[in-house]
Amino acid sequence: MPDASIAVSHLTRSYGKRRGVVDLDFTVGAGEIFGFLGPNGAGKTTTIRLLMGLLRPGAGGARICGLDCWRDAPAVKARVGFLPGEIHLYEKMTGAAFVDFFAAFRGGPAPRRDEFVERLQLDLAPRIRHLSKGNRQKLAVVQALMHDAPVLILDEPSSGLDPLMQAELIEVLREEQQRGKTIFLSSHTLSEVERVAQRVAIIREGRIVAIEDVEHLRATRERRMEVLLHQPVDPAVFDALPGVRVLTTHADGRHVDLAVSGNPRALLELLGTLPIDDLVYGPPDLESVFLRYYDRADSVAANADRSAEARR
Amino acid sequence: MSMVMFRRWLWSSRWSAIGYGIGAAAYILIIIAFYPTVRANSAQMDQLLKVYPEALKQAFGIANIGTLAGFLGAEVLNIIWPLIVGVFAIMAGSAVVAQEIDNGTVDLWLSVPERRSRLLLGKIVALAMVALLIVLATLAAIWVGAMLVGESFTTRGYLAAGVSMLALILVMLAYSALFSSFVSDRGRAGALAAAVTIGGYLAWIIAGMSNSWSWLRYVSIFAGYKPQPALASGTFQVGGIGILLGISVVSVVAALVLFERRDAIS
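Those protein sequence lines, which keep their order, are chains F and V. Residue 216 in the numbering used here sits at position 190 of the first sequence, and the numbers go up by one each step. Residue 217 in the numbering used here sits at position 212 of the second sequence, and the numbers go up by one each step.
Certain hints may be false.
[As the list claims (entries may be wrong)] Chain V regions said to be covered by chain F (calculated; three or more residues, Cβ under 8 Å):
hint: 1; region: 7-13
hint: 2; region: 110-119
[To be verified] Simulated crosslink set (DMTMM-like; lysine to aspartate or glutamate; CA at most 20 Å straight-line):
hint: 3; chain 1: F; residue 1: LYS118; chain 2: V; residue 2: ASP107
hint: 4; chain 1: F; residue 1: LYS159; chain 2: F; residue 2: ASP188
hint: 5; chain 1: F; residue 1: LYS159; chain 2: F; residue 2: GLU194
hint: 6; chain 1: F; residue 1: LYS43; chain 2: V; residue 2: ASP268
hint: 7; chain 1: F; residue 1: LYS43; chain 2: F; residue 2: GLU231
hint: 8; chain 1: F; residue 1: LYS159; chain 2: F; residue 2: GLU144
These aren't lab readings, by the way, just hints derived from the structure by calculation. Virtual Cβ for every residue (Gly too), placed ideally from N, Cα, C.
Isolated chain V, as found in the complex (with noise of 0.2 Å):
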């Protein structure tokens, strides 16, 4: 990996670490202020929640929603936050080359002494760095929140939770970088990203829906996304997580080859 281009690119993307940091970040904060109504009227909310459609719960993964955990997975962690993250993931992911090809800077950008691989790798890990600055100002946001609603969650808990996050973002930056080495501009790069995403969230909602769909979570990467439970209970969902990173490492190795072998032009 080229530690010039990596810390370049942690630079230049500065920028938007903070600001969806920051976002996710207010987002939970105030979300976890309605929590203590919720609380006080969680009878009331378990009634409610028994006339919603099963569909509807399995698919936005709402349950428990008396408990911390189960309120911040129906309200931001299953729903708001995956688009949060995503818009960053696809807009910076489709950026890396796309973008320099797009602008006509990818001459210049290529003419340094250095592999292409080792260019884009130190581009990829800064994004994968601005992340997990995403999610730990995430984490952050949902220890203090908790912390003034008088609830709390185990270490391991923030850990699970933090992982099967971090894996989610890794996995759209990845194949989001995997379209953009292999086409020419960033548009293209990230309406394929984009559609991707989309297809991939709404086969997670049809899944959860009916058992005569239920094999369509196979096709989504948000079925290896389980924050809630992890947060709750601190369990590590292994092999969904282990998926996601794999199809990221199968990405992000794909579009090095592809980038070390296509034309680099404007």
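Okay, chain F solo, but in the shape it has when bound (with noise of 0.2 Å):
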């Protein structure tokens, strides 16, 4: 089995005065599925045109199968299949001169290509320019998957599919794991990275905030549940439990905003007890994650600030 690890070292990159990157570190293990977060402009997709050779680093590196991404771009990019963020393809292509343009640069017809054309439901007889943004975004995933590269490097790869696809596209990713595959996959859905991936890194202003096992990071991070009761409750029912917080409280007690971290087990016990109208449980939310990692960033260079005044 080759090396198909990610290892990024002190990654830097910046244009002209414009933030990029700062000093990036981390590796992804072979076999894993390791999620990018962060919000838009925080420095993904800088990231990714790195691994893929597209920019010249300003310092540090960034090696995929144990070759310099920059300097062997051609090697690196014969063991990835790429999903780049923005989807501009060669709009008077038909899907399938497309994908098959693609495939002889690697000697031939891409060796998986119908079983991801009949698993996405794509139709290669169009035009390119002809079709939907959905099909678009399908034709580009088809495109990186059916090399059957050993790292997958996928700067958002949901934008723009539906649901079912985008469930269809997360079960692929799951497969493509068991298969050994590398996936580096960036996004600004928690959800969608919590799904699949083993760990996530959070990436904010260029830097990188934090990097966690994704079982660590659903522990901890909060979702929201908004409460209808038929009549008032104490609130401090609510902020007796473990992992939960009250945010606001309405209409004299009987509507009740919260902030749940972890096991919501006893919040649903409680909820059994009350004389519940209406309940609405929030997606796992990117904004709480972030702030939490926001504020600790903050204070750890208010932290800086402070020492280095100190010293002066």
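Make one complex out of these two single chains by using the hints.
Shown next as structure tokens:
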């Protein structure tokens, strides 16, 4: 089994005065699905462009399968299936001409082209300019997967896909992992990354603020719950539960907003005893995760500033 | 060179090849249709030319207008033909890299397991093939036209004229591709290439008008382009063509080196 790992070390790149990414440091083990999570503009696509040898690092470097992403770019790309973040395709080509063009660079028909075309229910006959956004995304996904490359670098793969197709894609990624693939998955959707990745790096303003196991992230990140009650209830009953915070109460205590982290079993048992009219349980909230790390990063930065000041 | 890229680019340039080839050929056939009238009145035409300003004749290479080579030179090959192929070369050459960046396809284009320079060379060689097709269409039209009006040129004449024409298109393609390799939008690459071309064309004309400005011809690519004497007498302008091909090679190598090293982002 070749070393299908990704190793990024002190990777730094700016665009003139504009910030790019600063001192990125992480490794992705062979056979791992690694989520790369951050809001738009945080540096996810810059990182991926550095991995793909489209940008030259300002400092530090990245290696895939032991090869340098800038100096050995062609050899790296031979081992990578790539999905760019913004899908711009060759509009005049048909889908079939498009996938065959990319397969030709790797020596002929792609080994798993038909399998993924069928799986994602894609029609290769029309010209790309006649395809919907979702179908363009599917075509680009098929192009990334069909070469059976040991490493997949996917920038926002589910963007533009309908929910059914998103679920199918998640399933495909799980299966590819079982076949031994290493998958680098960038996203700004926490729930998507949570469903497949084993570890997640969180990037903010060009710097990695945390790398966590998804299990740990799931245990500590918060979800919002709105509880509508028939009669007012003392909010203290919620506050008493582990992992539950009362955010706000309205309507004389009949409408309660909660932040819930960890296992919700105790909360559900309590709710079973209350006069509930309705309930909304939100998806994992990326914002809350970011806020937590951002607060931490800010306080780290503030501490650094303070100690620098103290030294002066 | 990437053969996959070469084949792809040749195929996607097919309409350019057909359009410019047919356009150039049709223009030549139409102009040759007027030649019998000129030939029948060549004495009067010569008289007319005598009162033409010498500088103008020099500048536009108007000479021996009573012969088919002179007529073609004055009416097509020295003026219109370079403009037609110039438009092709600047449009196609300035697209090779900058258009991928402009269209946002550069990430995908450069995700294939191939060196950037080999991808770019595949495109440039494909465009050189299109240039060759345009030259062949031009020569074929001259051959057919000459036959229709009962004239002929030697094979060596066709060969020498063809080499001169091809060298002109190649050099324009090459520096357009060079500009395309380091800017990020096709419009700017095209504007740079057009500025060099038009500037060179003006320098060539001014150099022909006055002896004190004749040094200007050395800054113009058109100085190496002399299809009329080539067609008439089969002379290969070895020096001029050598300079054009030299500039072409240097431009292409510079384009490949710059493209290997640059950031490729839209």
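Hints, one by one, checked against the model:
no.	hint	in the structure
1	7-13	holds (count 3)
2	110-119	holds (count 9)
3	F:LYS118 - V:ASP107	holds (16 Å)
4	F:LYS159 - F:ASP188	holds (10 Å)
5	F:LYS159 - F:GLU194	holds (17 Å)
6	F:LYS43 - V:ASP268	holds (16 Å)
7	F:LYS43 - F:GLU231	holds (14 Å)
8	F:LYS159 - F:GLU144	holds (18 Å)
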